[in-house]
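Student: Sequence:
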Amino acid sequence: MSPVIRRAVPAIALAGAMMLATTGCLAGERAGGAGAAPAGGGQNDWSAATLSIDFATYNPLSLVVKDQGLIEDALGEDVTVEWVQSAGSNKANELLRAGSLDVGSTAGSAALLARANGSPIQVIDVYSQPEWSAIVVPAESAITSVADLRGATVAATAGTDPYFFLLQALEAEGLSIGDVEVQNLQHADGRAALEAGSVDAWAGLDPIMAAAQVESGARLVYRDVDFNSYGFLNATEEFITEHPDLAQVVVDAYEQARAWAITHPEETAELLAEVAGIDIAVATTVIQERTNLDVDGVPGPAQRDVLGRIAPVLVDSDAVSGGRAAVDAALESIIHPDFARTATESR
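For the sequence shown, the positions run -27 to -1, 1 to 320 when mature numbering (1 follows the signal peptide of the UniProt record, and there is no 0) is used.
Each hint should be verified, as a subset may be incorrect.
Ranges of calculated distance between the beta carbons of each label pair, as one might list FRET restraints [what the hints assert, rightly or not]:
hint, residue 1, residue 2, range
1, D197, E154, 20 to 28 Å
2, D152, G49, 53 to 61 Å
3, D199, E55, 44 to 52 Å
Calculated from the structure, these hints are not laboratory results. Being a predicted model, the structure only gives us computed values, none of them experimental. From the three backbone atoms N, C-alpha and C, an ideal C-beta is built for every residue, glycine too.
Generate coordinates for the entire structure from the input sequences, incorporating the hints supplied.
Tutor: Rendered as structure tokens:
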């Protein structure tokens, strides 16, 4: 990591320590606003010995939290923090459902799909409002619009925001998923297939999509920021219920990272470039042009409104076995705002 980022760590760590001391979230204390209490009498008595959490290049705040050791600093040596990289929302959801993650980052649409299909997850923080999805074609492609996709082969990662972006884009132009042939590929493999000529188009995801533009001349033929859902930080219901003290520490760290990233966009882009292995110009585009980190971290009506627009698309795509009833139930119960509300009020 660059020296610039490292020089910024002590200042934010100090600010974080002051904030956490005020809110009672340092090791050995509990976030009373989240309803947590010490499991015993020890000063460093957390409710679990390990915390499993993901980081992802599509979630810049996760990179800051991990890089600066914000969670480790708050928990001390009594809790082992296990970091797992998520390659996409679908992978994060798989790990959450399997119990391999306590906290994982996904797009809002992917979280809604997972909960509608029975995964016991809830969103505990909103990490960004991104424009991270678009329809991408090779530089020399004759495709110039969504209408030109009829009969085309499109790479997309099922269960992620780019996939639902594709569904919405098709519907907006009077087409359906049956009018294209979808190849279900992980995001990086979708780019590779596009550049190899194996598919005609790709429902892309940043930062891989931005890299394809800069490095390969790929073109974005369809964009609509309203078709992108928010970035959700999700936790399992078991984790929320049994380990609210750790959940509060995680959300506190995210809100601390948000404050730092907003005031340090260049360093945040450097960190993204390093972790994702992309050029700094690509990372800068992602952070400064396509990612809004300056949003309210408390999940609520704004996120429900976006998910409400996506809900019919989920139902029509037959992606939910329980149909509309399951989607409506998930939409009603997916938000758990308490931790984020405590964190933002404390700041």
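Student: Next, verify each hint and record whether it holds.
Tutor: Now the hints, each set against the structure:
A hinted range of 20 to 28 Å holds for the C-beta pair D197 and E154, which are about 22 Å apart. Look at D152 against G49: about 56 Å separates their beta carbons, and that is inside 53 to 61 Å. In this structure, D199 and E55 break the distance hint of 44 to 52 Å, their C-beta atoms being roughly 36 Å apart.
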